[in-house]
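Starting from the known structure of chain A, arrange chain B on it as the hints suggest.
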Amino acid sequence: MSIFALSRVKSPWILHYDTGGCNGCDIEILAVLTPRYDVERFGMINRGNPKQADVFLVTGPVTKRCRERLINLYLQVPEPKVVVAVGSCACDGGVFRNMYNVENGVDKVIPVDVYVPGCAARPHQIIDGVVKALEILSKKTKENIELPEYIKERFPSLNDRRKVLEEMRKR
Amino acid sequence: MASESKNKTREIQIKEKVYTTIPFGSQHVALPEPIKFIFDTENEIVKEIKFDIAYVHRGIEKALTTMFDFRKAPYVVGRVCGICSAAHTIPCAVVMERAIGIDREIPDRAKAIRMIALEINRLQSHFLINGHLAEVCGYENVFMHIWRDREMIMDLADMLFGNRVQYDVVCVGGVNRDIPKDKERVLLDKLNEIEKSVEFMEKIFTKDRTLVSRLKGLGVVSKEMALEYGIVGPMARASGVKTDCRVEDDWGLYKDLGFEMVTMEEGDSLARCLVRVRECYESIRIIREAIKSTEEGEISIKVTANPKYEAVCRNEAPRGELFYYVKGTGGIMPDRVRIRTPTLANIPILPEVMKDVSYNDIPPLLMSFDPCIACTGR
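Taken in sequence, the protein lines are chains A and B.
Numbering of the first sequence is given in my numbering, commencing with residue 3 and proceeding in unit increments.
Numbering of the second sequence is given in my numbering, commencing with residue 339 and proceeding in unit increments.
Don't read these hints as lab results, they were simulated from the structure.
The model shown is predicted, which means the values in this text are computed figures rather than measured ones.
All C-beta atoms in this analysis are idealised placements derived from N, C-alpha and C, irrespective of residue type, glycine included.
Keep in mind that the hints are not guaranteed to be accurate.
Selected chain A positions facing chain B (in silico; Cβ < 7 Å) [what the hints assert, rightly or not]: (1) ASP28; (2) THR36; (3) ARG38; (4) THR65; (5) CYS68; (6) VAL97; (7) PHE98; (8) VAL114; (9) TYR117; (10) CYS121.
Just chain A, same shape as in the assembly (with noise of 0.2 Å):
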């Protein structure tokens, strides 16, 4: 393991974003940075700069308007990278699957590597499912990128793909 990927798993930076929820899952990340749950003995700090960021926090069923915001700033996350969805409606929609304005969940737009359940979920959940979310980190470089749908959708040629990946390498 180089020395990069090895400082990636102990000191992993956070980026958060609520993509319309109701605000009770990002209070619980908050929590969650508080004393009695110290997310920082994990190495994690929550950074609003996604440049810096390696785990990607999404909270709340993407809203139409969330939906372009959503994207821009996963693209802007450099690889390796993993997304972590919090709550039952980052999941698949939860309470609001079907409203007209929703997207039902983060996995219809960005790739999902670990789900954390719950309404809203508890900051033990959180915790755990980050620290599932490291190994999965732990395990990811730049060389196995799996593109994203909506990627895929715009790009229907093997080729293009391939220019698309080679510039996600580079950041």
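Frame of chain A, contents of chain B only:
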């Protein structure tokens, strides 16, 4: 040469006015929810504010009339906002009862448990926002202290209602579960500890010199302004307007238990913060009285009819007046449900107060307003 040009630019900056546009959001580390601000500034003084609050619109009002029957409605509206979930479920259940015509038959024990849920909800919301306010002022250790004490309230909610955020204890016709005797005793013990941490919070927000001088005189809302814009909740009470829906609507037992309104006259950020702190004492007192005044017994009545009248209910959420309207026509789903949230009433005054304020005063000012975007967007 380089130093010369540097000096030149510095002179220009001092002589001329520099206009900068600062975008803030929709994703930012300081924001747990998506809201977008655009500040037009002139030498660090904010001149114009534009904001966009509609990122979180999900269409809950429409779904209540097409997807869920009226018995499920309280659980759905709890998901409007995770911070004030109980404050949403209660007026929704009450308004459905009024539309059916059974609101006079609700047992007293059910009303008391509803009040306990609402006040625990209010306590954790006030702890949350005061901690956040301390954090944006630069007091990260106070933030950690207050949020550590907030976990006691979350534990209480977990013990009484089985969940930390979404209580889901209120249903149409009463409540879903009672509070047994042994849990009442634990609740009363814990309330003493919470009262101590409220005292700690009050001490910090009144005695600490840095915090007081940072917040005093910031964003003053006068009583005339408050009445003209029709603002609600702790914000209005901090400006001396006597308004509180806990005494204005009669779904609970507040009038019987002797409710005292907390008001202040200053109308600045510190007053808003202190009104929230002092409301915590009142909430703790109400929980104690509600437990003492009722005994374990009947907690719900059977609902057999569908909503067939028009009804309204007003409830005091942690952020102010929450208004529910329902029009039923005898079907299993109502014809129209309307939710008016407190932040919507408080937002029009925001650009007015933020004008001509230094840019570094914006975060504490915004936090003292206590905006909830998930409520407003729905």
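Here's how the hints hold up against the structure:
no.: 1; hint: ASP28; verdict: holds, 4 Å
no.: 2; hint: THR36; verdict: holds, 4 Å
no.: 3; hint: ARG38; verdict: holds, 5 Å
no.: 4; hint: THR65; verdict: holds, 6 Å
no.: 5; hint: CYS68; verdict: holds, 6 Å
no.: 6; hint: VAL97; verdict: holds, 5 Å
no.: 7; hint: PHE98; verdict: holds, 5 Å
no.: 8; hint: VAL114; verdict: violated, 18 Å
no.: 9; hint: TYR117; verdict: violated, 18 Å
no.: 10; hint: CYS121; verdict: holds, 6 Å
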